[in-house]
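Chemist: The primary structure of each chain is shown beneath.
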Amino acid sequence: MSEPASLSATAAGADAVAPALSGPRGPRPRKRLSRANIIVYGTLIVVSLYYLLPLYVMVVTSLKGMPEIRLGNIFAPPMEITFEPWVKAWSEACTGLNCDGLSRGFWNSVRITVPSVVLSIAIASVNGYALANWRFKGADVFFTILIFGAFIPYQVMLYPIVILLREMGLYGTLGGLVIVHSIFGMPILTLLFRNYFTSLPEELFKAARVDGAGFWGIYFRIMLPMSLPIFVVAMILQVTGIWNDFLFGVVYTKPDIYPMTVQLNNIVNSVQGVKEYNVNMAATLLTGLVPLVIYFVSGKLFVRGIAAGAVKG
Amino acid sequence: MHITDPSISIRNLKLSFGAVEVLKDLDLDVAQGEFVVLLGSSGCGKSTLLNCIAGLLDVSDGQIFIGGRNVTWEEPSRRGIGMVFQSYALYPQMTVEANLSFGLKNAGLPRDEIARKVAEAARILQIEPLLKRKPAALSGGQRQRVAIGRALVRDVDVFLFDEPLSNLDAKLRAGLRVEIKQLHQTLSNTMIYVTHDQVEAMTLADRIAIMKGGQVLQFDTPHEIYARPSCLYVAEFIGSPSMNFIDGAVAEGIFAAPVGDIALEGYDFAGPPGTGPARLGIRPEHIASGPEAEAMPVRLETVVELVEPLGSDTLVRVGVQGQSLWVRMDGQAVVQPGQALQVGFAPARAHLFDKATEARL
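So the protein sequences, as listed, match chains R and L. Everything in the first sequence is counted per this note's numbering, starting at 1 for the first residue and increasing by one. Everything in the second sequence is counted per this note's numbering, starting at 1001 for the first residue and increasing by one.
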């Protein structure tokens, strides 16, 4: 009696197992063309077109000759590709009396950007380190004042700085502009570095102190090697900001040492002669190239830096 | 206990952050070569005290002596201490070797002496094969060994441990605990060890300082702290599962409680036996059950409410007159909820505390 009963129980068990085997199994299938995907990709495509279209027009126009531009088809690809406008923009375009193109402005901008970036990052990183790790008296007040500085519009300070630079004998020199850029980068960079150093484990700092490292020892031997990502971020910010600066460049320098942006403006806005749209476009692209390159090159480094920093000791 | 030549001596130490008093007028004497554990729940000030001893926090008032020298204003590196942190705090960009030698380089030691000391520490801690690796390539236990090595190479008198095992899993923790104890026996340095884990405290310490609210409540050997807790907090804090408490009143050698009158025969009063509201504490492992309860001076008829088998032991919650008691029974004991159970204990093993002052009676 008991045996058949147990047999039928096994059979019933097998029946129960069968649907379990044929039911859903493995990863849940995803629909490619779901409503969410259409909305997300649709929005992304529309927005990228919106941003890329002007760039397309610029590139295309810069590769056309003037006769072709006069036809007025700004979206049409060039019938005959010419690099003449690029050459002209770099080495022949006239600004005022000089006719050596943007090349002069390019080297001026390099001479302004490199020292400004190095100086501002060097000072701001030490500032941020001191504020994060060495809680000196008045640190909070100092920090608040510094952050407050980030919210004052530059235009308010233009003229007082002109007077300051004049009194120091730096008005109209590269050095003066470098100092101005370094100081104006201070609030945001200090904030950036302070927050990064605060996020590093405090015990590392304590361990280094027990190990007898001093202010500079800890900064150079412990903090710096761990901070590549934030230095790259600061560099991207500063290079882009200083290279693209127009206001300080036009106010605090003189024509001989105008940065590239000011020179670009002078080329594009020159009122005499024919408006050479292709040269203007090429000049603009040339000016924008440096931040773009920095972004692409260090963007990779940035991601690598973050990945390396993620493995904490 | 009076110490003639203390390794560490703390006098009237006070520390406040603004209006918050973290350490309140704290005194502590640690003997040469002693292993002292600072034990307390989080926020009791134990880590703060350790940081003050290390010199990583400036004190508001009071003095700290290490090896007879007043180090209150001294830099951490000049106090003759080595410190091991909970998160290991190894320098991630340096190899194990560089981690170990960093402090020695800062002290300006010659290269061959650094190499000798690093090799010696690596031998003691058995981390020789790891010397060329970066901390990221080490396991948690290996990292903590390197962190201990960093303190070891510096030839210091005093080791400070700030919850060094709390980031490790249970098995590794037990292993490293034994190693730390072994290391102490080998080196016989003074060690101060902060933890919230009472098992670590009991197993490692020569003496335990139980802290609460920035004060040391009791500073005694593990055995004394377990057997004669000086106040209600210590009694509750030490022991797992924690002590059972019965509310009542003491009068003329009798503890009167809802569960019945308990004659306090054999109880060792801390002072002259007073009268008034009190709490009687008895540890679950000191309550006998079944036939053994028959021999106990105090017996209670109870009903089993809950059973928690742990393998080696079985924890049983029993109810009597609305009072719940935890009883530790043998792991082989067969008990069911609802079953009647006779339990009993000896008043000599009980603890009496004043209800108002929470001090031991």
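These are calculated hints, taken from the structure and not from any lab test. Mixed in with the good hints, there may be bad ones.
[Said to hold, decoys possible] Computed list of lysine-lysine pairs in DSS-like fashion (alpha-carbon distance at most 25 Å, straight line):
| hint | chain 1 | residue 1 | chain 2 | residue 2 |
| --- | --- | --- | --- | --- |
| 1 | L | LYS1105 | L | LYS1132 |
| 2 | L | LYS1181 | L | LYS1117 |
| 3 | L | LYS1181 | L | LYS1171 |
| 4 | L | LYS1212 | L | LYS1171 |
| 5 | L | LYS1024 | L | LYS1014 |
| 6 | R | LYS137 | L | LYS1134 |
| 7 | R | LYS88 | R | LYS300 |
| 8 | R | LYS137 | L | LYS1014 |
| 9 | R | LYS300 | L | LYS1134 |
[Unchecked claim] Cβ-to-Cβ under 7 Å is the rule here; a few derived chain R residues that face chain L:
| hint | residue |
| --- | --- |
| 10 | ALA76 |
| 11 | GLU80 |
| 12 | LYS206 |
| 13 | ARG209 |
| 14 | LEU228 |
| 15 | PRO229 |
Just so it is clear, the structure is predicted and the values come from calculations on it, not from any experiment. By construction, the Cβ of each residue, glycine as well, lies at the ideal position given by its N, Cα and C atoms.
Chemist: Report the numbers of all earlier hints that the structure fails to satisfy, in ascending order.
Modeler: Hint check: 4, 6, 7, 10, 11, 14, 15 fail, others pass.
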